[in-house]
Structures are given as structure tokens and as C-alpha cells.
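A.B. asks: With the sequences and hints as input, model every part of the structure.
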Amino acid sequence: MSKGVLATEKRGMRELGAEKAVGWDVVTQGTLLYPFESELKDVAHIRPEERPYSDFNSYTATVASWRVVKPVYNRDVCIDCQNCWVWCPDTSIISRDKQMLGIDYDHCKGCGVCAEVCPTNPKSLIMFAEAEEIEDALAKWPEKKKKAK
Amino acid sequence: MAEKVELNEIEVWDGNYAVSQALRQAQIDVVAAYPITPSTPIVENYGSYVANGLVDGEFVMVESEHAAMSACVGAAAAGGRVATATSSQGFMLMIEVLYQASGMRVPLVLTVVNRAVASPLNVQGDHGDMYAGRDSGWVQIDAFNAQEAYDLTLCAFKIGEDMRVRLPVMVHQDGFLTSHTAQNVRPLQDEEAYKFVGDYKPYEEMLDFTKAVTYGAQTEENWHFEHKAKQHKALFDSAKVIDEVFAEFKKLTGREYKRVESYMMEDAEVAIVALGSSVETVRYAAEQLREEGIKAGVVAPRCFRPFPFDEIKEALANVKSVAVLDRSAPMGAMGALFNEVSSALYTLENRPFVTNYIYGLGGRDFSIEQAKTILKEQKANADADDITTNIQQFIGVRGPKLGFFETKRS
Amino acid sequence: MAITSIKNLKEFSTVNERFEGAHLLCPGCAHSMIVRELMNATDDNLVIATNTGCLEVSTAVYPYTSWDTSWIHIGFENAASAISGAEAMYKARKRKGTLKDPDAPVKFVAFGGDGSTYDIGFQWLSGAIERGHDFTYICLDNENYANTGGQRSSSTPIGAHTSTAQAGRVSYGKKQKKKDMIAIMAAHGAPYVAQLAPNKWKIMAKGFQKALETEGPCFINTVSACTTEWKFNPKDTIHLTDLATDTLMFPVYEIINGTELNILYRPKNVLPVEEYLAAQGRYKHLFKPENKHVIEKIQKEIDAKWEYLQRREEARV
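Residue numbers (the working numbering), protein chains in the order written: chain A, 125 to 273; chain B, 798 to 1207; chain C, 175 to 491.
Rather than coming from a laboratory, the hints here were simulated on the basis of the structure.
Please note: incorrect hints may appear among the correct ones.
Said to hold, decoys possible - The calculated BS3-like cross-link candidates involving lysine-lysine, where the alpha carbons are at most 30 Å apart (straight line), are:
| no. | chain 1 | residue 1 | chain 2 | residue 2 |
| --- | --- | --- | --- | --- |
| 1 | B | Lys1092 | B | Lys992 |
| 2 | A | Lys271 | C | Lys442 |
| 3 | C | Lys184 | A | Lys165 |
All figures in this text were calculated on a predicted structure; none of them were measured in a lab.
C.D. replies: As C-alpha cells, this is what we get:
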């Protein structure tokens, strides 16, 4: 995976609820929240890895602890169809330049939708136990299933 | 660009017309409103300015007061000047959103023409709606006549939009008694008025696309308290800005406003504390009693929120007996103004007797004679060095005398 | 307006997301699939208002926001009014020349769940549509008050179990039919009204783009399968939505200017509604012998509705 595209590589990454609790005099006025630290024009034209995310942006937080199973991605069988990208509810499929790069494990909750909608044979995304090492998971990858006649 | 209007030095306006002229002169960006008696003419007049090219802003006629205030909050968050008007049931329907507006710290002006709250249904003026807004986090300013309604509406924009405040502001006037009574009003010319109010300064606006902002986040037990504490302090701190704006207004017009208006209080032995159009009635009564040798005075909170505790305490420090008048059904408690005034006076070393009069509900007339009776009862308290009446009395209600609590000091 | 290329998924996937992860929606929730797709369908600036509900309580919990755009939440019922106000402010400031960047393209969008759209915010939405503000309202229809634990709404279909319309010894769940919000919105004369589903991503993205491009108030009801309250495995959200569209429980169609009805998706094999119902815990009780009549009733209504839609489409009125 190319460097810089994971949330972990951004500063401020922390468990939800583990943020610094500040006093009444320094909470934001009107409970306003600012997703970016500095001015940013045309957000839709700026890649996430180039954005000045602020500590208020949930991008800099993690929900990894929600997960009991995780999707493991096998580049070798992937056809970059982007089904997993379009249906991921947690913005956790990292795609750049029409290519699937991998999974953002900081934001993935392990719902399994990506593996379910993956059309390849064998699947390019398979759910494994959270504790499973990626390398071990890849080593166990199933063979192509024969079509039932 | 909106056409300017040439105004006479003295216009004959009722309170509603005065407010709508102030709204026109403030060059509001969005007015979102829903009509309700007796504030309807404010919206109608403004509508005629829209139809005749006298204002440039958007005029959004929504389907309820709740939607009116909701649209105002959305508009204010989008970074421009916003105002609306309402009364009574409309105010009650807005209440949910009043809290949301102040919690988000968006400045906007709500001109409230005070009216009783049903049931029973009633269109006349009392302070039931104004009181219902007292915990909503808004600055609440009270006008006692049409001139003040005009002046204070202009001031309201300047107060709420000040970067040190950024809170919504209500300007109250009494339904019909002020809103529909034509009086002499000395307006400012358009340019002067706008110059006083000033250009709107956007702050964290949703239409600045270089700085995305989230309005209306949720806070639970881990953050809510801190935000509410900050908001409360901001409301108390607005007093300083209110004073500054009043001072600037005096410089421009010669008309002086204070957060607490004291009348003949320098040597007063007894006093009335009141709000709204009745203030003028009790001032007249006090003048008459002075001729009879009773040193009477009148104290009127101009600012209902933030409540001017120190100024009330100071104004009443040397009187012997005070009557606090509440024009709202207190429903199982003392009147709200009585409670506020009493708490302000409690720490005085020689605190006066304080009694509570409920009057004028649903627009019932309040006469100079009744005001004099109240002041005379205060004089009797002062002379007896004790409270000679019930602590709370109803004045002007038909039937046997109605009073509550006989607690005496001795 | 600048629309994103949705020619195929590869092209579509090159957009830069503006809805961030680590929000608090349930794993497998369809809400965020729909919200992401809406935001990805355009690269214009967005001003978004959201009613109280699952989406709102999961994406703006202090001190975190998942929104990279302007966003406001006021209350449960008033996102349509909030967006009306913001849109009016935009018009006023554009006219007066007080916008920081008057040429920056912007679209106004409001989100609400079915509770806030069909029930508590119905009047606010109706008012905003009638006034003709230029905005798109998207209902994330999961057919219940999911945020508060699954109570009935007027969008809950007949026969479904909810915590306030329970199935029990003498009850088969909700007794009343689902409100036809699409017809109601079309009757307002809104220029674009549609019902879309996230499993048909391309139809949905096209519909979103059409709504965003259309001047005036547009309403889109989106099928948002709820793993928690419909009771199915989170991984099956898309599969379940396939069943919803292929049994015609949720027909996918649009109505232009209140009259021109177009069916946007015609299943090759229309499945019996049992397949959709059997896949969800909320309909489990309908398979008891005494409740079979409810399934028959649901199927009959689906058939009648499909017939109606096809005839409307044909008639062009």
C-alpha cells in the first residue's frame, strides 16, 4: 500500500472517547467543530492523504476495537471492480487511481459487506478472526471454486 | 440595492410599525416568519417593503413558527443578518428552537410582541410568553413604548452580532398596548440607522467553503456541562457589550438606555419593580404620590436576561418596601420577577420588604389607581416595619381578595 | 454543476471522499453507503442539514465530526427548514455581494430518517418543498425509529414487528400500511421525486445527480436496510436490499414534475415477497400459520402497486 493513505499515518489517531477532556473555558464556542486545521478549498479535489485533518475530524479517530472479524485483502485475485469501495459503509476501502489498495483498519468495523459483494473466484476479500495474522490468512487462501454443473 | 426612505423627524408609529421600520433599516439578509396576532403587522409591513423594493434580503414565509425559527438558525449559520417576529402560542412553538439557536451561538433578532398564553385562548398582552423564554439562553430586552421598541431593535443587532457576544437577542414589547398604540417616534434616517447597526460580520459561516464547519454536534455527560457553562458565562458577559451599545446609541440620539431603568429612586422610600408598558403607568402613579408626600420610585429591568442582579440590588438598596409586579400567571409559585428581584436583594444588609403583585393577565387593564394602591401598601409596610399584606396578591381580578402567604418577619 | 463520472465503478472510485470513517453507525449500516454515494456524486461544495436520527447522532458527537463539508443539525423535525434558511441566505448574500467566493458552486442537501421525514418533520418538509427552495431532501428510509431502539413509524410496513407495534400472541405486528411518501411529494409538484436503492448504485448515483442538477426542491426516498432493527446479519445489507428491489417491496422509480413516472429498475425475475420477509427477524412471526394471511395481503399490495406504477409509466400522466 502506498505510504500516507492510512488514517494511522495521520497525527492524533486515538480511540473514540480517549480524547483530551478540556475545561469549559476552552471548549469550542457554540459546540462548533472544524474538520480541518487550516483553510482548504475544493475538498472534493484533494486526496485524503493531502488534507490537513484536525483533531476534531473522526478521520483521526479509530473504531478498530469494534471489530471481532476483519476483512483480509488478497491483491493477487482482485480485479479492481470497486464493489467493495462503493458499498463500504465506513469509508474503509482505500482506492486510488482506479486501484484497490487495501483496507483502512482504523475505520473498518468488520461488518463483512466487502467480502460479501466481492465477485472474484476465489474472493479477494475474506473475513478472518481479528487475531489472525495477515500473512497466515493469505497462506490459507482458498482455491478457485469449480462451477457446479 | 434597496431604495432609501425619507422619514420625518417625528413619525406617528405604533410599536409594530416602529419595529418593522427598524428591521428595514438594518438591511436584514433573511427574514423567515409566520404571522400571529399581535405581531402580524411587523411581518406584513416587512412584506410590503419586500414587494416595493425597499429591502434586498430574502423573505421566507414558512408554515409555522417552529419552522420560522429553524430557518432563522439555518440562515444565521450561513453567515448573515437574520430576524423574525412572534407572539404567544407562536413563541411557545418556537421554544425548542430558541434553545438550539442560543446553544449554537448564532446571533439573530426575535421581536416578541408579548401576549398571554392559552388556555384559555387570549390575544391580549401579558408576559406569559416572555417569561417562557427566560431559560432559553437569549438576551431579552424589554421596550416599554413604541420609541423604545424601535431603538432597542436597532441595538439588538449590534449586541447579538458583537464578536464578544454572538448570542440571539429578543426585543419585547406589550401586545396591543404598545404594538397597536400609535405614538410619536423619532426615527433615525436610513443611513444613520444602518451605520449604527453596522455591516454584518460573518463568523464560522457555512457558506465559507474554505473552512468547513459542523453546527449542532451532540454532547453527552462528558461535554454538555462545559458547553452550557461557557454559554451561561457568555450571556452574563454580554452585559458589558449591552452597556457599550446603549452608550453609543445615546451619543447618536441623546436617548439613554440602562439595563435597569430607575425613576425617582434617589430618595425613594418605597418602590415598584415592573416590566413593559406598565412601567409608564407606575411612573405616573409614583409622581402623583410624591405630591401626596410619599417618596415613591420605579425600577424597571430593561434587560430581563442577562438579569441585572447587581444593578437591581443597587437601585433598591435604600428603600424600605418594594412591590414586584408580575404580569404572568405564576402557577403555584411566586412571580418570576419577584423571585429574581428577591434573590438580588437577599444579600443587602438592610434588605427591604418585598411583596409580589400579579396583575394585568390576558390584557386586563392596569390603572394608575391600582398602581397607587400598591405603592400605598408599600408605604404601610414601611411605616409598620413589617409586611401588612399577603406576600403575593392578585390585583384587578374580580371576586374576593386573592392573596397567598402570610409569612411575617416578626 | 460539476458532476462526478459514474460511467463505471472504477471511474467513480477516483473521487475524494468527504464523509469520513470512525463515525458511530452500526457495522453494515446502509445509511453511510447512501450518504457517501450522494456526497461522491458531485464535487460541488455542499451545505448539508440533517435531522436528529441515527445519521446525526453517529456523525457529529463532540469532539468529532465525520463531515468534511458545511453541516448543520438543529432538531428532529427541522432539517428542511434549516436548509431553507441556509439556501435563502445564499441567495441574499449572492445578490448583495457579501459571499467570500460568490462563484464557488454549491448544492444544498437535507438528510432525514423516515421518522423525521414521514412523521415528526412531515410539515417542515412539506413547507420547504412548497416554497420551492433549491435543495435535495434525502430520506434514509429504514422503516422505524432505529436511533431510539426500533419503534414504529408511519413508514413501517404492515406486519413488521417494532417495539411499539409488537408481534405477540394476539398481534401480527404493525396493522397499518406504509405511508406513500413518494406520491405525497410528487403531489407537491416537486420537479424531481424518486425512490432509489443502494444495491443499484448506478441508478442511485444518477438519481442523486439528477436531483442535484434540478433547480428547485427534490425528494428522494432511499431504501436503507437496518441490520439492527430488521434483524439480519450485517454482511447481508446489500443482499437484503437486492431482495427488497427484486421482490418489488421497494420499486425503484422516479416522478418528474409530479406526473412523468419512470420505472428505473425492472427485476428480470420478480421474487415472491416471502424471500424478502424470511430474510429478516422483524417478519419472523408472519410465517406462523395464523399470520399467513398477512403475507398474502402484502404480496397482493405489491402486485397492485407494481401494476399501478407500470400503468402510470405508460400513461405519462
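A.B. asks: Each hint needs a verdict: does it hold in this structure or not?
C.D. replies: Cross-check of the supplied hints:
1. Taking the CA atoms of Lys1092 (chain B) and Lys992 (chain B), the gap is near 42 Å; set against the 30 Å cutoff, the hint is violated.
2. A C-alpha spacing of about 22 Å is found between Lys271 (chain A) and Lys442 (chain C), which places the hinted pair at or below 30 Å, so the restraint holds.
3. For a cut-off of 30 Å, the pair hint linking Lys184 (chain C) to Lys165 (chain A) stands: about 25 Å separates their Cα positions.
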